[in-house]
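Student: The chain contents come next:
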Amino acid sequence: MASGSIADQEGQVMLLGFWFSPFVKRVEWALKFKGIEYDYVEEDLTNKSTLLLTSNPIHKKVPVLIHNGNPIAESLVIIEYIDETWKQNPILPQDPYERAMARFWANFIEEKVREPAREALFSEGEQQEKKVKELKEGMEVVEGEAKAKLNDKTLFFGGGHGVGYVDIILGWTCNWMETIEEVGGFKVLDPESQPQFHKWMANFREVSFVKPTLEPKEKLVEFFRMLRQDRLGLVANK
Amino acid sequence: MAEQKVKLLGFWVSPFMYRVIWALKLKGIDYEYTEEDIFNKSPLLLQLNPIHKKVPVLIHGDRVICESYVIVQYIDETWPHCPILPQDPYERAMARFWADFAESKLLNTAWLGLCARGAEREKAAKLAMEAVEKIEEVVKGKKLFGGESIGYLDICLGWISYWLPVWEEVGSMQIIDPIKFPATSSWMNALLHHPVIGDNLPARDAMIEYFQKRSKDLYESDWFKDVIRLHLHP
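First to last, the protein sequences are chains Z and L. If you read the first sequence in our numbering, its first letter stands for residue 1, the second for the next number, and so on. If you read the second sequence in our numbering, its first letter stands for residue 1001, the second for the next number, and so on.
Isolated chain L (complex conformation) (with noise of 0.2 Å):
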């Protein structure tokens, strides 16, 4: 089953997708990207995520795999060598806790702050820089969170070294203040100089032209309306 092509269905910015090349890259695995334009989604991502219509999706010979978390436990159950997850249970829980609680309360509220004005945007930063507060405890101590070598929450929180201060830049906000979270910011710094992450990015200046426009579009939406209720005034 390892030796079927590998081929993944992506759009060039987004953080999710850059995960499952992440676990890619590092177990040596060749596949071939196809490009999507979300906001023109093509028949074929149709077919293959009809219940979310979302990228990143990995195919595997004939089998189909969404949702960025549920592809890199794949990757990493289908090829063990470089192990992602760590081989203790204890050890797995709490990575996976901790990548649970990045997505929820730093990644949701880091790009609400993008998305957001004014005070609300003051409170969503906030949000999340109590989140990174709980984030520095774990990384103290550590080079990157597998220890020596890329792991699991390397993969899953590797967009704070990259896309977050992208948002920061945008969004005229401080989350990653270095001199109140200096592990956090030393464990960024590895990650940009791994091979694995830092030949692995997308161009900096296009980030910043298309998150500029993002931004300004997803403040008129219905989801912003509905996710700040949801996450500022609960």
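One chain only, chain Z, in its complex shape (with noise of 0.2 Å):
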């Protein structure tokens, strides 16, 4: 292995993955934004590689981000050392409280938003309408921090620096909503109700490196139909 020059400074870089996976796509996203080159291993879900079970014994899931051999797990703690690791095109905000607020927003979406939406996929009956208010209220936040920071200036939550943290935290939506939607067999998300959040959603599905990353969503629903059912117990309906 080459090492000495600035070109080899990054090292070797590797994503373990799952196309379908919301939490993937977010690294891959960061790496992309960056221009950082890496190699991407598809897992199988059902019959885990040495390597993943290895790099990340604790969890056992993807992504894991293996820089100069070294595995990191978890999105938010690999896109903030992707962050910290690559200087240009920066993710997270430089000043202090810019960052505190872009952190609080990406928990928030995980714990109010991202967390609910699973569990409403994978549940029904009353448990599932409980899930489903949850993450209507979590999106209603959502249109109130998007009316709030958005218009037709600023278009994404990183502000006058374009794309940023929240930006790929939240861009699971664009792609995954609507699925867990048709899946779920529920009903979230409203242009009319939510008409910056779907302005935004609109605007970061075209963005260079996201667009050519989207899965269709026939192939998602099909896969996600399949998760649910086997989560659930059910029988394939005849």
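It is possible that part of the hints are untrue.
Listed next, the in silico DSS-like pairs over lysine-lysine satisfying Cα-Cα at most 30 Å (straight line) [what the hints assert, rightly or not]:
no., chain 1, residue 1, chain 2, residue 2
1, L, Lys1126, Z, Lys61
2, Z, Lys199, Z, Lys219
3, Z, Lys217, Z, Lys130
4, L, Lys1054, Z, Lys130
5, Z, Lys112, L, Lys1105
6, L, Lys1134, Z, Lys48
7, Z, Lys130, L, Lys1126
8, L, Lys1180, L, Lys1134
9, Z, Lys130, Z, Lys34
10, Z, Lys136, L, Lys1053
11, Z, Lys199, Z, Lys34
12, Z, Lys217, Z, Lys147
13, L, Lys1134, Z, Lys199
14, L, Lys1225, Z, Lys112
15, L, Lys1041, Z, Lys112
16, Z, Lys187, Z, Lys217
17, L, Lys1027, L, Lys1142
Keep in mind that the hints were calculated from the coordinates and are not lab data. The model shown is predicted, which means the values in this text are computed figures rather than measured ones.
The task is to assemble the complex, starting from two chains supplied on their own in separate frames and drawing on the hints.
Tutor: Here you go:
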């Protein structure tokens, strides 16, 4: 392995992922945003590789970023690592208060949008209704933040810098929210009550490093339908 | 900016608030403390943290920051002396990873164990112990997670040294067996003897009384039924 030159300072970057995982997509967007070359390894959910199991023995999940042989797990941790290791195209803002706000919103999205969405996808009846209600409340707050921060000149939560941390963390909604709605059998997206959010989604989908990565909805729906049925122990519809 | 007034809104027994206190004390930052009654939330709290309506809340000048991890990192980045997070990006990633792990796999399960009864308590305690097994491997050979000085993980996991033994006592459960987890026990001791932590802790008797009542109240609640289902019967 060559060493010493600036080009080689980056070392080898490997990403272990699943094509259908929104967490993996986040990391890919962060890498692509910074123009970092990486080797992508598609893992098999039903047959996890030795590399995955030894790189992330604690959670045994993707994404795992392996940089110079060092593994890092958890999408938010990975993205901050990427931002601190490669300085070009900053993802998080420079100012400590702006950073705090970005981290706050990332946590909010995880706790109040992403988590209830996942739970709604894998539940039914009263339990699902509860989660859908939580999800709707989370989306209301997101719409409020979008209303406050975005306009015709500021398309993304990264503000004057374009795409930023919050956009990357929220980005899964562009591709997965409709899928989760269809598979889970509920409605959360509403262009009338969420106009700013829908504008943001449309803009994010068009971002140069995002657009080519978006999976066709039918493919995601088919896959998540299978996961949901598996999880709920349902028999396939006759 | 650093010289602007610092205020902390907290609740006397909150382990989350203590993370912030320890970070402020470590860096020698003066602050004004306001006690919040979380069972009767003030208009001030609702105004400052309308989204979560929780403490701790840090007010620095006209800036308002919520969420203990976010606040600790804000403090670290605003007052760079006596660094809390390590300098190296990989070490930082490891610190963040383990902080997240301890929160979701130990704090949540230990808290569940405290609020639960019978078989569910046992199951939660067992999950908590499995988490400690992992933490034991990380702290082995270290005096503190930060090495010779208090670091991010010491601050984020510091509740283990003082809140967890209280929860164990109130919940009649053992999660940290000093024979099984010598490195963790040793670390807990080092923490309690460190002035930043040891001199800044709530009164133990009051904690016992508080958690006895709180765990009983939570056992009856909807939150509990929901969370038990999520963690113990996934």
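Student: Each hint: holds or not?
Tutor: Tested hints:
{"no.": "1", "hint": "L:Lys1126 to Z:Lys61", "in the structure": "holds (22 Å)"}
{"no.": "2", "hint": "Z:Lys199 to Z:Lys219", "in the structure": "holds (24 Å)"}
{"no.": "3", "hint": "Z:Lys217 to Z:Lys130", "in the structure": "holds (25 Å)"}
{"no.": "4", "hint": "L:Lys1054 to Z:Lys130", "in the structure": "holds (22 Å)"}
{"no.": "5", "hint": "Z:Lys112 to L:Lys1105", "in the structure": "holds (19 Å)"}
{"no.": "6", "hint": "L:Lys1134 to Z:Lys48", "in the structure": "holds (21 Å)"}
{"no.": "7", "hint": "Z:Lys130 to L:Lys1126", "in the structure": "holds (29 Å)"}
{"no.": "8", "hint": "L:Lys1180 to L:Lys1134", "in the structure": "holds (12 Å)"}
{"no.": "9", "hint": "Z:Lys130 to Z:Lys34", "in the structure": "violated (39 Å)"}
{"no.": "10", "hint": "Z:Lys136 to L:Lys1053", "in the structure": "holds (18 Å)"}
{"no.": "11", "hint": "Z:Lys199 to Z:Lys34", "in the structure": "holds (24 Å)"}
{"no.": "12", "hint": "Z:Lys217 to Z:Lys147", "in the structure": "holds (27 Å)"}
{"no.": "13", "hint": "L:Lys1134 to Z:Lys199", "in the structure": "violated (44 Å)"}
{"no.": "14", "hint": "L:Lys1225 to Z:Lys112", "in the structure": "holds (19 Å)"}
{"no.": "15", "hint": "L:Lys1041 to Z:Lys112", "in the structure": "holds (21 Å)"}
{"no.": "16", "hint": "Z:Lys187 to Z:Lys217", "in the structure": "holds (16 Å)"}
{"no.": "17", "hint": "L:Lys1027 to L:Lys1142", "in the structure": "holds (22 Å)"}
Checked against the numbered hints given earlier, this structure breaks hints 9, 13; the rest are met.
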